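Required output: the full structure, derived from the provided sequences and hints.
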Amino acid sequence: MSEQFEPKIVAFVCNWCTYAGADLAGTSRTKYATNVSIIRFPCTGRIDFMLLMKAFENGADGIIVSGCHPNDCHYTSGNFHARRRWIVFRSLLDFMGFDTDRITFSWVSAAEGAKWAGLVDETTQRIREKGAFTDFKKLDCSTFEKISHDAITE
Amino acid sequence: MTPLQNKVAELFENGTISLMIGYKNAINKLAVPCFIDHATQVEQLIYTPECKGNLSVYLHKAEIKQAKKIGILANIATLRSLVQLTSENQLSDIEKTVITINAQNEVLVFDNMEKVEEYVQANFPEYTEEDKKLLEQLNSMTRAERWQYWSEQFAACVKCYACRAVCPMCYCSSCTVECNQPQWIKVSSETTGNLEWHTMRAMHLAGRCINCGECGRICPVGIPVHLLTAQMNLDIEKEFGSKTGFSCNSGYALNTFKPEDKEQFIK
Ligand code: SF4
Ligand code: SF4
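These protein sequences, in sequence, are chains A and B.
Per the numbering used here, the first sequence starts with residue 1, numbered consecutively.
Per the numbering used here, the second sequence starts with residue 1, numbered consecutively.
Derived BS3-like pairs (lysine-lysine); straight-line CA-CA distance at most 30 angstroms:
| no. | chain 1 | residue 1 | chain 2 | residue 2 |
| --- | --- | --- | --- | --- |
| 1 | A | K54 | B | K186 |
| 2 | A | K130 | B | K262 |
| 3 | A | K138 | B | K159 |
| 4 | A | K8 | B | K267 |
| 5 | B | K159 | A | K54 |
| 6 | B | K186 | A | K8 |
| 7 | B | K186 | A | K137 |
| 8 | B | K159 | A | K137 |
These are computed hints drawn from the structure, not numbers from a lab.
Here the structure is a predicted model, which is why all the values come from computation and not from measurement.
Here it is in structure tokens:
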């Protein structure tokens, strides 16, 4: 049997809803894909888009971003601000030709342990089908090739 | 003397301004910024189609702010940046007189921002034909083709940050690119770092850029960086209904929200 590709998924979640939801999935002993590494934030409002870029740069194949449902934010409006930012960030990535299907955005509340487990499974499966994320690595190689090519032709 | 020069001389003589930011001739018929502090120097002042540079970028400089009363010659893009900067509360500490030349070649003087806003709204500029064409081309490409296009463009970036220096909306005294703990953006020019730099630049300017196109014009390697923010502004207008540089009270689209904001991708 050939070994199947296991993607690395990084999840950026807020402390108050999704992290608690993931905790619930754990305490209820729900089984879900082990590919995910969870990073806890105070609020979705704190999840800077640069953190997502850095995750991809450091070898993530897929990303989950999740927080409290609208109107449930612990700080009242962090997720509303985050939502606007995600809308713009996603369309910027798309305009630059980045595969936005590698990022899953979601709202998962503290009571939705099962939704969390399903979300991780579904994302893992989707990324597994897509394969490893190599766009950034290719960029670095092409820069290197370009430089060495220029150096040779000079 | 031209009507513009006469007007500026008059403003110096009656004490309305003590420093004038305008354009003067340079070699090759180029127009470069000039700074005048006396009525006797007004003969340098020109206003030609070459006067594209956005002079409002100088209003952030401490040396300029020292002058108590500043006159600024503004094309329509500059007027828009003044409106946006006012809405971001960046110009409240300067006393400024705004001078523009309308399509009928009349010299107009605005002594307050309400009048500037009114003029901008009545003469709101569209994207240039060239930019419209480029945006259309990019949007009709497949995602992979766009990735290829921008990767090639960004590979050429030498990280000189000229696009940041000319931008009237890039006024932060310390920029994330100079942040080194942690180092968000790599110092050297290599393609992933360049992509990150341009993503960051576009994100920080989305909904604030006033489409003057200066960043794209100034880039020494010819990257059309202004298209990124131009596209973001279109998307923001579509999604949230806000236009940049349109009203002195509009603020910044990403600094606010509506509970009913819509999207289709959050699961
Ligand atoms: S990003 Fe470019 S086009 Fe937009 S305001 Fe700045 S210089 Fe002008
Ligand atoms: S002006 Fe051009 S080369 Fe310089 S940093 Fe901006 S995009 Fe890169």
